[in-house]
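All chains, full assembly: derive it from the sequences and hints.
Number of protein chains: 4
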Amino acid sequence: MERTFRLVMACPDRVGIVAKVTTFLATYNGWITEASHHADPANGWFYMRNEVKASSLPFDIDSFRMAFEPIAKEFKMHWHIADTDQPKRIVLMASKESHCLADLLHRWQARELDGEVVAVISNHNDLRRMVEWYEIPFHHVPVNPADKAPAFAEVEKLIEEYQTDVVVLARYMQILPPALCHTQAGRIINIHHSFLPSFAGAKPYHQAYQRGVKLIGATCHYVTEDLDEGPIIEQDVIRVNHSDTIEDMVRLGKDVERQVLARGLRYHLQDRVIVHQNKTVVFG
Amino acid sequence: MERTFRLVMACPDRVGIVAKVTTFLATYNGWITEASHHADPANGWFYMRNEVKASSLPFDIDSFRMAFEPIAKEFKMHWHIADTDQPKRIVLMASKESHCLADLLHRWQARELDGEVVAVISNHNDLRRMVEWYEIPFHHVPVNPADKAPAFAEVEKLIEEYQTDVVVLARYMQILPPALCHTQAGRIINIHHSFLPSFAGAKPYHQAYQRGVKLIGATCHYVTEDLDEGPIIEQDVIRVNHSDTIEDMVRLGKDVERQVLARGLRYHLQDRVIVHQNKTVVFG
Amino acid sequence: MERTFRLVMACPDRVGIVAKVTTFLATYNGWITEASHHADPANGWFYMRNEVKASSLPFDIDSFRMAFEPIAKEFKMHWHIADTDQPKRIVLMASKESHCLADLLHRWQARELDGEVVAVISNHNDLRRMVEWYEIPFHHVPVNPADKAPAFAEVEKLIEEYQTDVVVLARYMQILPPALCHTQAGRIINIHHSFLPSFAGAKPYHQAYQRGVKLIGATCHYVTEDLDEGPIIEQDVIRVNHSDTIEDMVRLGKDVERQVLARGLRYHLQDRVIVHQNKTVVFG
Amino acid sequence: MERTFRLVMACPDRVGIVAKVTTFLATYNGWITEASHHADPANGWFYMRNEVKASSLPFDIDSFRMAFEPIAKEFKMHWHIADTDQPKRIVLMASKESHCLADLLHRWQARELDGEVVAVISNHNDLRRMVEWYEIPFHHVPVNPADKAPAFAEVEKLIEEYQTDVVVLARYMQILPPALCHTQAGRIINIHHSFLPSFAGAKPYHQAYQRGVKLIGATCHYVTEDLDEGPIIEQDVIRVNHSDTIEDMVRLGKDVERQVLARGLRYHLQDRVIVHQNKTVVFG
Numbered sequence: 004m005e006r007t008f009r010l011v012m013a014c015p016d017r018v019g020i021v022a023k024v025t026t027f028l029a030t031y032n033g034w035i036t037e038a039s040h041h042a043d044p045a046n047g048w049f050y051m052r053n054e055v056k057a058s059s060l061p062f063d064i065d066s067f068r069m070a071f072e073p074i075a076k077e078f079k080m081h082w083h084i085a086d087t088d089q090p091k092r093i094v095l096m097a098s099k100e101s102h103c104l105a106d107l108l109h110r111w112q113a114r115e116l117d118g119e120v121v122a123v124i125s126n127h128n129d130l131r132r133m134v135e136w137y138e139i140p141f142h143h144v145p146v147n148p149a150d151k152a153p154a155f156a157e158v159e160k161l162i163e164e165y166q167t168d169v170v171v172l173a174r175y176m177q178i179l180p181p182a183l184c185h186t187q188a189g190r191i192i193n194i195h196h197s198f199l200p201s202f203a204g205a206k207p208y209h210q211a212y213q214r215g216v217k218l219i220g221a222t223c224h225y226v227t228e229d230l231d232e233g234p235i236i237e238q239d240v241i242r243v244n245h246s247d248t249i250e251d252m253v254r255l256g257k258d259v260e261r262q263v264l265a266r267g268l269r270y271h272l273q274d275r276v277i278v279h280q281n282k283t284v285v286f287g
Numbered sequence: 004m005e006r007t008f009r010l011v012m013a014c015p016d017r018v019g020i021v022a023k024v025t026t027f028l029a030t031y032n033g034w035i036t037e038a039s040h041h042a043d044p045a046n047g048w049f050y051m052r053n054e055v056k057a058s059s060l061p062f063d064i065d066s067f068r069m070a071f072e073p074i075a076k077e078f079k080m081h082w083h084i085a086d087t088d089q090p091k092r093i094v095l096m097a098s099k100e101s102h103c104l105a106d107l108l109h110r111w112q113a114r115e116l117d118g119e120v121v122a123v124i125s126n127h128n129d130l131r132r133m134v135e136w137y138e139i140p141f142h143h144v145p146v147n148p149a150d151k152a153p154a155f156a157e158v159e160k161l162i163e164e165y166q167t168d169v170v171v172l173a174r175y176m177q178i179l180p181p182a183l184c185h186t187q188a189g190r191i192i193n194i195h196h197s198f199l200p201s202f203a204g205a206k207p208y209h210q211a212y213q214r215g216v217k218l219i220g221a222t223c224h225y226v227t228e229d230l231d232e233g234p235i236i237e238q239d240v241i242r243v244n245h246s247d248t249i250e251d252m253v254r255l256g257k258d259v260e261r262q263v264l265a266r267g268l269r270y271h272l273q274d275r276v277i278v279h280q281n282k283t284v285v286f287g
Numbered sequence: 004m005e006r007t008f009r010l011v012m013a014c015p016d017r018v019g020i021v022a023k024v025t026t027f028l029a030t031y032n033g034w035i036t037e038a039s040h041h042a043d044p045a046n047g048w049f050y051m052r053n054e055v056k057a058s059s060l061p062f063d064i065d066s067f068r069m070a071f072e073p074i075a076k077e078f079k080m081h082w083h084i085a086d087t088d089q090p091k092r093i094v095l096m097a098s099k100e101s102h103c104l105a106d107l108l109h110r111w112q113a114r115e116l117d118g119e120v121v122a123v124i125s126n127h128n129d130l131r132r133m134v135e136w137y138e139i140p141f142h143h144v145p146v147n148p149a150d151k152a153p154a155f156a157e158v159e160k161l162i163e164e165y166q167t168d169v170v171v172l173a174r175y176m177q178i179l180p181p182a183l184c185h186t187q188a189g190r191i192i193n194i195h196h197s198f199l200p201s202f203a204g205a206k207p208y209h210q211a212y213q214r215g216v217k218l219i220g221a222t223c224h225y226v227t228e229d230l231d232e233g234p235i236i237e238q239d240v241i242r243v244n245h246s247d248t249i250e251d252m253v254r255l256g257k258d259v260e261r262q263v264l265a266r267g268l269r270y271h272l273q274d275r276v277i278v279h280q281n282k283t284v285v286f287g
Numbered sequence: 004m005e006r007t008f009r010l011v012m013a014c015p016d017r018v019g020i021v022a023k024v025t026t027f028l029a030t031y032n033g034w035i036t037e038a039s040h041h042a043d044p045a046n047g048w049f050y051m052r053n054e055v056k057a058s059s060l061p062f063d064i065d066s067f068r069m070a071f072e073p074i075a076k077e078f079k080m081h082w083h084i085a086d087t088d089q090p091k092r093i094v095l096m097a098s099k100e101s102h103c104l105a106d107l108l109h110r111w112q113a114r115e116l117d118g119e120v121v122a123v124i125s126n127h128n129d130l131r132r133m134v135e136w137y138e139i140p141f142h143h144v145p146v147n148p149a150d151k152a153p154a155f156a157e158v159e160k161l162i163e164e165y166q167t168d169v170v171v172l173a174r175y176m177q178i179l180p181p182a183l184c185h186t187q188a189g190r191i192i193n194i195h196h197s198f199l200p201s202f203a204g205a206k207p208y209h210q211a212y213q214r215g216v217k218l219i220g221a222t223c224h225y226v227t228e229d230l231d232e233g234p235i236i237e238q239d240v241i242r243v244n245h246s247d248t249i250e251d252m253v254r255l256g257k258d259v260e261r262q263v264l265a266r267g268l269r270y271h272l273q274d275r276v277i278v279h280q281n282k283t284v285v286f287g
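Residue numbers (my numbering), protein chains in the order written: chain A, 4 to 287; chain B, 4 to 287; chain C, 4 to 287; chain D, 4 to 287.
No wet-lab data here; the hints were simulated from the structure.
Watch out, some of these pointers could steer you wrong.
[What the hints assert, rightly or not] Sample of chain C residues facing chain A (criterion: CB under 7 angstroms; computed from the structure): (1) Val18; (2) Gly19; (3) Val21; (4) Ala22; (5) Thr25; (6) Ala29; (7) Asn32; (8) Trp34; (9) Ala38; (10) Ala45; (11) Asn46; (12) His185; (13) Thr186.
[As the list claims (entries may be wrong)] Here are the simulated DSBU-like cross-link-like pairs (lysine-lysine), alpha carbons at most 35 angstroms apart as the crow flies: (14) A:Lys23 to C:Lys91; (15) C:Lys56 to A:Lys282; (16) C:Lys99 to A:Lys23; (17) D:Lys23 to B:Lys76; (18) A:Lys56 to C:Lys151; (19) B:Lys99 to A:Lys282; (20) D:Lys23 to C:Lys282; (21) D:Lys91 to D:Lys206; (22) A:Lys160 to A:Lys99; (23) C:Lys151 to C:Lys56; (24) C:Lys56 to B:Lys206; (25) A:Lys282 to B:Lys282; (26) C:Lys23 to A:Lys23; (27) A:Lys99 to B:Lys282; (28) C:Lys91 to A:Lys79; (29) A:Lys56 to D:Lys206; (30) D:Lys282 to D:Lys91; (31) A:Lys91 to D:Lys206; (32) A:Lys206 to D:Lys91; (33) B:Lys282 to A:Lys206.
Ideal placement from N, C-alpha and C gives every residue a C-beta, glycine not left out.
Now the structure itself:
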């Protein structure tokens, strides 16, 4: 893959934004390989993502940032620029269930993920052998139900030490403390094993079975202080019927969870997701 | 289509049910064209549907019923038998939105539905011309918000007069009174424009838009006294994204509503649905 | 819906295209409501569609065209501009099967299609009553198998008389003569009842049944001289299994055909489709 | 999972088959946990699968076989009975691509597959380390393009030595010799990376890209002497668009391949597939 810079922005909509930004790029001979726009008439905001060949530009990412800053100010942009040569550093968190973790590790090894898995943290030791096969550090941080604070302090320390860009809860099964959610806002991705907002909370497949739904699903979302209420990145479903037991639903659901999490994470790693007012723009 | 009898039953599971029933059928030379079974280990019940060529049997449906009665008693069956030569009589109820009604009428005319549309009832006059094109009686029964009872009394009277087997709320938009739900239990089918239990109640597409879900859906269910809580017959979803406005969702959702309602109704008309403890077995 | 101009173009890719076009638009204060880009690294082409509020521009579509012409020349663009106040004129062609025609007419009446259905042409009279209910002219042009030329001459004449922008073969079941395909290239849309390139030609559901596939599909494509080989606009599938007869496949397939045709036509009517080298870019 | 016997049969349809079989089972107090029937009016055949609690029967599988034999003869059945306590022995064959193999091994370890993976054979050594992590024997059998016979003789020997019940070509990328296909008819399962019959043969994603299809798929089928022409067990598709390169299709296709192969294999391992006249009945 050729090295690119990804310029991602959101700002109040008005005439001339695209002209200004693309003229800026063209002035420096920037070759746009992919461009996505979204103007939301409901809230009056404009969102844009441009992917530009790094080799076509006369400067590195810091000079780009400086040169672009005045335009960003003029339009009151929330923005960032990412360099594909600096892949995001990913910390995976898991518990005992292996399906999501195994899937992400395999995709990472197969170079399907634009990021670097730098560590795995788990409250159990069950998945250590699998993680170490991939030659990735595995940290066992048990969570004491009576006093969870020390464990999460340790988790937070690890996140910092690894200079983590994104934390993925690959069926971690523990609720993160609000402070951590707050500090890492927009940088923690969770997979919930239901089609939210249906069946939030515990044991969603049991809830789905009780209600007799004909499809079960999974939701990939950013973690916020409100459990299962964060901005949704991706969702999908699979058909079930009366003959499926809860165990069948758990098994069928795994395939959906795996894929929804992998797709959602991929969008995030490629800077395709913009969060605004608890919703996402996903330039898929 | 060759005439068949459909023998549908549910009973506590035990050894020998299928043997007894199919030996009964074989004794009379009954040719089974389709058979479906479901044994539910969670509640210990057994469900079965057999479709038998009428011409292969030496008796009509009443004699069949009498001959089968002792077996049904022995196994404590909830059961019924249906004759495809007596198609179910359908009353459609609609409001102003035409998409579900138009779809069902077209399918009925194209002989896709195993039933007879005998009348349409609406609280508005908007769809009269369309209904009358199909040469089906159209009854305008306006609902006075201050006193709905007379309207529903009229509706109930029409349902009786038409010897209705099944009432379909094709986006009727009015909540039926509990007494009517009770009398017609298992005989009123509704289409709700969300993937229940998400977004029950009013304006589900607005709710979906606010939550930022990535799929919207529709649910076909039997009407009970508890609004949007009845046994689910069929559901489906369609993908949406950040660029879809509420109006887009409404438009996209129509296609899902139409199809989910048509499929759910088809299952009901073919005696493929067994309701048990607020859930359905659907022998699709 | 607010009036917009849709500027659609394809040209060899190079630096500065977006900058030039959007600066042009910004110069005249043009408010972009939707923008889509695609740069194809495989063939080195660039495709763009911009939707601009008409009220934000100081000129009508002809002046726009004149003002933009020099830019188009500079970049060797294939381009056109469309005005939503001049909806495309649609001629539907059908045979005896009603499902696609009924669906499109209903969508048109419900204002789901950005176009005007100006006439229906059929080689049979069966659907006349339905078409006339919508107060649309119905032309019965029977096709003599021994000499089809006069019928197609009549069809061509009608297409011209109605100043047709797009012809939709809504299960027309006749092969159009090469000359007509050529004259109307990119303006005739067909629905084929299979997932092309599988089961091209006659009786695709029979072919699908024989092969024992587990999904059946439909394909919406532009008509070219090579039967079933034109650029594909949209496709979809539905699940079938061993218990589905050919008749079941025909019935299930209708739902897919309807939707695929409606979606494909919608893309075309909204100028979202660019044809290039027998493939399409669809800015959906 | 409770131990069951699976009785699977196909025979010319006539009155009394189900009665005879289920009366046989009931006579011995056999508790049916799952039953599936299919009567095919097109070819006049009848197919049935019964799953019976082993503990409810007074005999082992051999006595069952002997006791049932006269009934099977009477109805000219093609039949077999399987014991869930004797899981099928699976040999996986792969090449360099890891996604299908990794997926099946993970599912096997997670006890999602009703079978025992006894060995992996590959024409390359790349996946050895992964396989050995699962403590499964890995056999490297290189194929000499100038003379493939010795390699396939070795493969055949291994299949025999491992007392293999089913061979799975998990992207093996080599064409098996006709003799081996013949000997192992109905016991070799392949995953083809297209929605057959579209894009049979080599490089299906390249073919799909050239044709500009809007969905790509995968097909799980039994291997016969006619390449890509064997009975189809399962298929699925995923949406693509103009922005997807061949590399994107390869990546997206992997998810479909994995799932279609896993589902198809699962059906086979649970004795849910009956092959008849190059088509399958799948009691899913």
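To see whether the hints hold, each was checked on the structure:
no.: 1; hint: Val18; result: holds, 5 angstroms
no.: 2; hint: Gly19; result: holds, 4 angstroms
no.: 3; hint: Val21; result: holds, 4 angstroms
no.: 4; hint: Ala22; result: holds, 4 angstroms
no.: 5; hint: Thr25; result: holds, 4 angstroms
no.: 6; hint: Ala29; result: holds, 4 angstroms
no.: 7; hint: Asn32; result: holds, 5 angstroms
no.: 8; hint: Trp34; result: holds, 5 angstroms
no.: 9; hint: Ala38; result: holds, 4 angstroms
no.: 10; hint: Ala45; result: violated, 12 angstroms
no.: 11; hint: Asn46; result: violated, 14 angstroms
no.: 12; hint: His185; result: violated, 35 angstroms
no.: 13; hint: Thr186; result: violated, 36 angstroms
no.: 14; hint: A:Lys23 to C:Lys91; result: holds, 33 angstroms
no.: 15; hint: C:Lys56 to A:Lys282; result: holds, 26 angstroms
no.: 16; hint: C:Lys99 to A:Lys23; result: violated, 55 angstroms
no.: 17; hint: D:Lys23 to B:Lys76; result: holds, 23 angstroms
no.: 18; hint: A:Lys56 to C:Lys151; result: violated, 56 angstroms
no.: 19; hint: B:Lys99 to A:Lys282; result: holds, 32 angstroms
no.: 20; hint: D:Lys23 to C:Lys282; result: violated, 58 angstroms
no.: 21; hint: D:Lys91 to D:Lys206; result: holds, 32 angstroms
no.: 22; hint: A:Lys160 to A:Lys99; result: holds, 22 angstroms
no.: 23; hint: C:Lys151 to C:Lys56; result: violated, 46 angstroms
no.: 24; hint: C:Lys56 to B:Lys206; result: holds, 30 angstroms
no.: 25; hint: A:Lys282 to B:Lys282; result: holds, 33 angstroms
no.: 26; hint: C:Lys23 to A:Lys23; result: holds, 10 angstroms
no.: 27; hint: A:Lys99 to B:Lys282; result: holds, 32 angstroms
no.: 28; hint: C:Lys91 to A:Lys79; result: violated, 40 angstroms
no.: 29; hint: A:Lys56 to D:Lys206; result: holds, 29 angstroms
no.: 30; hint: D:Lys282 to D:Lys91; result: holds, 22 angstroms
no.: 31; hint: A:Lys91 to D:Lys206; result: holds, 33 angstroms
no.: 32; hint: A:Lys206 to D:Lys91; result: holds, 33 angstroms
no.: 33; hint: B:Lys282 to A:Lys206; result: holds, 19 angstroms
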